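The residues making up each chain are set out below.
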Amino acid sequence: MNDEHAQNTQSSQRAYTRRPEVEAKVRDLLTLRPAQREREVLMLCASIAPGQRYPPGMLEVLVWAVRHGCRRVSKAHDEAAARIYAASGVFLRAKVRKFAYTNVEAERIVEETLTSLMQHLLTDDSTISFWECQFLRCLSYRFETISAKSHVRRTISDAASIDDGKAPDVSDTSIAVEDLAMLRTIMSELSDEERHVMYLKCVEQLPEESADSSVDTIARRVGKTGRTVRNILTRIRERYVERENIQ
Amino acid sequence: MNPNDEHPNEQAIGIHLLSDIHEAQLDTLLQNVARNEFDELIKAGSSVVKSANTVAWSLNASATELGMDLSELGRHLRLSAEILQKLDLRLLRVSTLPERLFDMLADTLIVPVEHIRAYIALPPAIPAGIRFHAASGEPNVVLESFEDALMDEDEISDDDRAYWLGDRC
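The listed protein sequences derive, respectively, from chains A and B.
Count the first sequence with this note's numbering and you get residues 1 to 247, in order.
Count the second sequence with this note's numbering and you get residues 1 to 169, in order.
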């Protein structure tokens with residue numbers, strides 16, 4: 001997991017850096033006295049609420065506040081952690097609906113992902129974590145890891161019968177049909193190199209890079225740096241996001 | 001499986017892409033989420049945070065983390081450092097403490113009021129130099145009422161005493 005690498009920068013020889021808007025906000029908060037800082041964090045928490053525009057980078061700032069910026073026993077610490085939990089819950093519930101899981105399984109996956117998130121947030125650790133740099137990507141990785149373990153899946157066509165209380169058909173096709181169509185379009189547009197990287201990432205599940213020379217990595221397989229590999233994956237993701245926004 | 005297949009393992013790649021999360025989606029979701037659903041999630045999150053919180057805490061330590069000593073905290077609360085020290089050691093009877101004291105402590109220390117209540121309701125701490133019963137081995141801790149503590153306190157002004165006790169002083 002990338003966030004684990006982030007916590008162990010000595011072994012991976014990699015230090016994660018916050019996005020500029022997150023870094024700027026964290027620096028602003030650090031200039032304040034502790035009481036002022038916590039009151040400011042409480043104000044920031046209020047910006048993550050129903051009906052509000054989401055300020056980009058706010059979840060990363062709140063992760064920093066919970067892990068480093070606020071006292072462990074304080075309103076700001078508790079409120080920031082609860083807001084992160086709630087925003088993540090909203091998103092994970094929406095996300096899990098894209099897959100054809102049973103209701104029970106979907107809820108289990110969401111709960112397990114949230115538990116994993118909170119364990120990370122509430123563990124004492126002075127190092128910078130990847131959750132402070134790319135919160136949503138971390139959440140995505142956790143979701144991916146946890147959901148990939150699930151074997152109770154159903155197709156969209158099974159959904160009605162399950163919700164009617166009939167026995168579920170277990171299927172290996174867990175992706176909704178409309179998403180599958182979009183996925184096939186994206187796949188058909190990939191270059192050979194991109195296709196190879198996706199294959200190594202998703203099917204062989206290799207890490208992008210590793211400081212340990214005995215570990216097989218995507219970077220070694222394709223003869224590129226880890227950074228280039230990550231850029232390739234990001235480009236593919238962005239293409240997917242563009243398409244999803246159009247839909 | 002061959003990576004050059006037209007559709008190499010759609011399942012695995014689909015999970016990778018579909019589970020990706022981006023801020024534009026979060027923005028849309030937060031604008032449309034029902035208030036009660038969000039409130040339920042906040043409640044669940046708060047409960048996880050509370051159950052995980054096992055950090056040693058005291059009024060004094062909390063004030064110190066905010067750059068205050070008990071005298072400065074006392075100035076905010078219109079109480080003396082000595083009374084706050086007694087409160088911190090839970091040497092004042094909880095039932096005699098005014099409700100607004102909890103609220104003011106929570107506001108000044110920026111700590112959840114439930115946390116202050118839970119802390120003050122703990123058994124008294126044993127102050128240094130306390131005597132123990134020879135027979136039972138129990139500490140000989142005598143709890144005081146908030147009113148008595150204020151009446152006995154020289155370091156507190158009449159105005160501040162009246163602020164807390166009203167016409168009882």
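Simulated from the structure, these hints should not be mistaken for laboratory data.
It cannot be assumed that every hint is accurate.
[Unchecked claim] Below, simulated DSSO-like cross-link-like pairs (lysine-lysine); rule was C-alpha separation at most 30 Å, straight line:
#, chain 1, residue 1, chain 2, residue 2
1, B, Lys43, A, Lys98
2, A, Lys149, A, Lys98
3, B, Lys43, B, Lys86
4, A, Lys224, A, Lys201
5, A, Lys201, A, Lys98
6, B, Lys86, A, Lys149
Treat the numbers as computed from the prediction; the structure is a model and nothing was measured.
A quick look at each hint next to the structure:
1. B:Lys43 to A:Lys98: holds (26 Å)
2. A:Lys149 to A:Lys98: It holds: about 16 Å lies between the C-alpha atoms, which stays within 30 Å.
3. B:Lys43 to B:Lys86: Status violated; Cα separation ~33 Å.
4. A:Lys224 to A:Lys201: holds (14 Å)
5. A:Lys201 to A:Lys98: holds (21 Å)
6. B:Lys86 to A:Lys149: violated (54 Å)
The structure does not agree with the numbered hints 3 and 6 stated previously, though it agrees with the rest.
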